[in-house]
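The sequence shown begins at 1 in my numbering and counts up by one.
Simulated from the structure, these hints should not be mistaken for lab results. Using N, Cα and C, we set each Cβ at its ideal position, and we do this for glycine too. Check each hint, because a few of them may be wrong.
As the list claims (entries may be wrong) - DEER-style ranges, computed between Cβ atoms:
(1) Arg228 / Ser175: 24 to 32 angstroms
(2) Asn106 / Asn265: 30 to 38 angstroms
(3) Glu223 / Gly84: 34 to 42 angstroms
Unchecked claim - No more than 30 angstroms apart at the CA atoms, straight line, and that leaves these computed lysine-lysine pairs for DSSO-like:
(4) Lys44 / Lys153
(5) Lys70 / Lys44
(6) Lys153 / Lys51
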Amino acid sequence: MKTTTRILLFIFLVLIAGLLSSNMILKKQYDAVDKTDLYWTYNKVLEQPFKHLVINGGNDTHIFYEPSNKSSVRLLQEWINEHGGKINVHIKNDTLYLNFNTVPANPYEKFWLANAAPVRLFSPELLSVTGNNINFEIQKLKQKTITATITGKSKFEVETLLRDMDSINIRQSDSSNVVIELSPDINRVAGSNTTQQRITIKGKNGNTFYFRPPAPEQKKFDETISIRSVTAAIAGHSLLDVGHAQVQNLQLQLADSAAVILSGNALRKIIPKTTAQ
Numbered sequence: 001m002k003t004t005t006r007i008l009l010f011i012f013l014v015l016i017a018g019l020l021s022s023n024m025i026l027k028k029q030y031d032a033v034d035k036t037d038l039y040w041t042y043n044k045v046l047e048q049p050f051k052h053l054v055i056n057g058g059n060d061t062h063i064f065y066e067p068s069n070k071s072s073v074r075l076l077q078e079w080i081n082e083h084g085g086k087i088n089v090h091i092k093n094d095t096l097y098l099n100f101n102t103v104p105a106n107p108y109e110k111f112w113l114a115n116a117a118p119v120r121l122f123s124p125e126l127l128s129v130t131g132n133n134i135n136f137e138i139q140k141l142k143q144k145t146i147t148a149t150i151t152g153k154s155k156f157e158v159e160t161l162l163r164d165m166d167s168i169n170i171r172q173s174d175s176s177n178v179v180i181e182l183s184p185d186i187n188r189v190a191g192s193n194t195t196q197q198r199i200t201i202k203g204k205n206g207n208t209f210y211f212r213p214p215a216p217e218q219k220k221f222d223e224t225i226s227i228r229s230v231t232a233a234i235a236g237h238s239l240l241d242v243g244h245a246q247v248q249n250l251q252l253q254l255a256d257s258a259a260v261i262l263s264g265n266a267l268r269k270i271i272p273k274t275t276a277q
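Use the sequences and the hints to build the structure in full.
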């Protein structure tokens, strides 16, 4: 065998060995992941408990919070590996402080961030949020109260699984946008035990066919929630949207340039002569 052939064969064997070795390592890492975790593609960077959140930055992307039995801060693996993603995060007492300082390096990365969810937060409860220049959403909220102070160019959305809430306390300034609404997941929770019966059809030739009819069309989603008390101070060019809420007690401080979206029920508490249709 010629020397050149031997060298090429050796290089080929080294490449094959490298591929097999890397595949084994990746498989070991994959097998170690808990596949029952819905967010297993996220890395946990912090697992200390917290009840309050102070968050700064991130209005170019989406940051989400969900209730969970265990507290954690998670970063999307793709963001870490392909975009060098990182955040500054620490906990003091029972408050989580999160700074999102990432500046997109190019238009592609800016587009990617705008359509991604690189950061997810979890804890048993979240009693208050203080945010500046954020795009932050609370999903599947199960608690009856929430307090928020939102400033800068921000969007803050709360999706609750409860149709009856106790109190909402909001302070807004600058050009912040806050929305309180019912979670669309409430339909999935309510209909999780509904299954369609399978129909069996036997053909003339003895073959058996199984057919499951389509699920019945769901009723129109009722987005109405009831809130015992809403207290809001809205300044600047900010907007508060509680248009789907029946509010029993409403206390508003509203700047001339600010706005609020109310249901007819809530509006009549401010302007009694407003008529219902």
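Cross-check of the supplied hints:
Roughly 29 angstroms separates the CB atoms of Arg228 and Ser175, a value that falls within the hinted 24 to 32 angstroms. For Asn106 and Asn265, the hinted distance range of 30 to 38 angstroms is not satisfied, since their beta carbons lie about 48 angstroms from each other. At about 40 angstroms, the beta-carbon gap between Glu223 and Gly84 stays in the expected band of 34 to 42 angstroms. Only pairs whose Cα atoms come within 30 angstroms are accepted, and Lys44 paired with Lys153 is accepted, the gap being roughly 28 angstroms.
This hinted pair checks out: Lys70 and Lys44 have alpha carbons roughly 12 angstroms apart, not beyond 30 angstroms. Taking the CA atoms of Lys153 and Lys51, the gap is about 24 angstroms. The hint holds against a cut of 30 angstroms.
The structure shown violates just one earlier hint, number 2.
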